[in-house]
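Visitor: Here the sequence shown is numbered in the working numbering, starting from 41 and rising by one per residue.
It should be emphasised that the hints constitute simulated quantities derived from the structure, not laboratory data. Certain hints may be false.
Label pairs and their calculated CB-CB ranges [said to hold, decoys possible]: (1) 262 <-> 116: 35 to 41 Å; (2) 89 <-> 155: 37 to 43 Å; (3) 113 <-> 183: 36 to 42 Å; (4) 358 <-> 72: 52 to 58 Å; (5) 113 <-> 208: 23 to 29 Å; (6) 116 <-> 416: 51 to 57 Å; (7) 89 <-> 360: 43 to 49 Å; (8) 89 <-> 120: 23 to 29 Å.
C-beta atoms are modelled at their ideal positions from N, C-alpha and C, and glycine is treated no differently.
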Amino acid sequence: MEFRVNMDTTKILVAIWGNFSAWKDANYRYKNKIYTSSTTLPLLLDTIKPNYTYIILADTLMDKYDNIFTYQEGLARIKNEAGAFIKEKIRSYPTKLKEDNINILILPAVGTFSRSRFVGNPNNFYALVYFELARNILRNLGSKLAFISENNKPCLELYLDITHGLNFMTMMTYRAVKDILQIIAYFCKVRLIVLNSDPLVGSGNIDLNINEIEKINVIPAFNFYKYQQHGAKFINVNTYANLNENRKREIGTELSKNDSIINLKQKMSNIYAFCGAFLHGLPIYIYYFYEEITKEDIKPLINLFYSYIKLNYKETSDTQEINIIQETNFTEEFLSLLQAYILSSLLKNIYSVEKKEELSLEDIEKVKGVFKYSRVISQRLERELSRLKDLKEKEDFDFKDYGLIAIGEGKYQGNSSFDERNFFAHCGFGYNVIQVKKHSDSIFIRPKKGMINQIKDAINRSLPLGG
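Based on the sequences and whatever the hints tell you, model everything.
Guide: Dropping the structure here:
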């Protein structure tokens, strides 16, 4: 039997929730259907029919629970309560709604409440929601990735429901979703629909429309920055946590010896060069500096962060206050790592990109489509590829400087200096920076060994610097 991949658009619903147990019923309307419920979820499941749904909650919901003795216990109680709430709301309707692919993501947040304090950095929520959504979206696209370039339909349609959103979580989830989709949009058509209902609180009106406040075809963008201030630590001590100096030193020492951090730190220079090559349309160096980043590379850093979340009790005369302390922060380099993870995964799964020191003209032809959104890069690349294709008319030859072959040995004046402007203007195909070979009907290309360090430095310097 022939294996066939369903190339219909993958629909994903992401919803940000606050304290769901306190919500009141309303009559929600969307796409000519009305559901009476305390949440928009049943109506959206019926009208959108998402393949996958993600409910995002904050760990601060454990404020309402008694007798929590570990952080993991608190997360489990939130998940159990949210799961029961979702089942109750879905099963109260005769319409057969899918609950199989509803996933609950509970992430660390900050705030002071009636009997608890959650101390940390709000940017940790951003880093974690980015990772969780990125890895799940890539997993949801799954086997489609190998066929995306052949399909003209949108590969992904993501609905972001912010109706029940809470403080900074709404903005940070929107930012993460937008950034992830902008990277995927280089490879296929992507749509984003942001939903928000009419206001319920204070209006006295319970007949609420769910409004499409943003509905766009996502334009590709790679908002990638180089950060230098942390030295590629990915995780550091949280200055918001008011830790004593001994504890800061202890954590700092442990982080500096962590194998996962050390291994990724050694790759970071290549990761910057790989991402810079993509950003500037340098296909040879996408392959040459390619670093495959997987969720298995990143997961140990996630686990490390959670291992430094501490729960303790503060006794007063009549109450017992819970303090949840995030002792570490994700740094900006961690966000760059997540972007590299998405990019390397897409290039590998769609175009079979891998690290190569020598590559064929066909390898470059495979990836040139990702640059079609930049008219300047696309035209430059077509011009350079056309010149390389002309070499097929020549007799076979072994690797030689590109200039010797293209201009001729008697005319080419070899230049050992690196011209940065010329390098970028020719998409990295400069006469004196690459060597070419012809065998049969194939052209092969490789960077000159003596130029690699200068090329890498130029690409890394070209990256915009983060804050």
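Visitor: For each hint, tell me whether it holds in the structure or not.
Guide: Now the hints, each set against the structure:
Restraint check, residue 262 to residue 116: a C-beta distance of roughly 38 Å satisfies the suggested window 35 to 41 Å. In this structure the hint that residue 89 and residue 155 lie 37 to 43 Å apart at CB holds, the actual value being about 41 Å. Remark: the range hint 36 to 42 Å for residue 113 to residue 183 is upheld by a beta-carbon distance near 37 Å. The beta-carbon spacing between residue 358 and residue 72, approximately 54 Å, falls within the hinted interval of 52 to 58 Å.
Range check, residue 113 to residue 208: about 25 Å between beta-carbon atoms, so the 23 to 29 Å window is met. For residue 116 and residue 416, the Cβ-Cβ distance of about 53 Å falls inside the hinted range of 51 to 57 Å, so the restraint holds. The beta-carbon spacing between residue 89 and residue 360, approximately 46 Å, falls within the hinted interval of 43 to 49 Å. At about 27 Å, the CB distance of residue 89 to residue 120 agrees with the hint of 23 to 29 Å.
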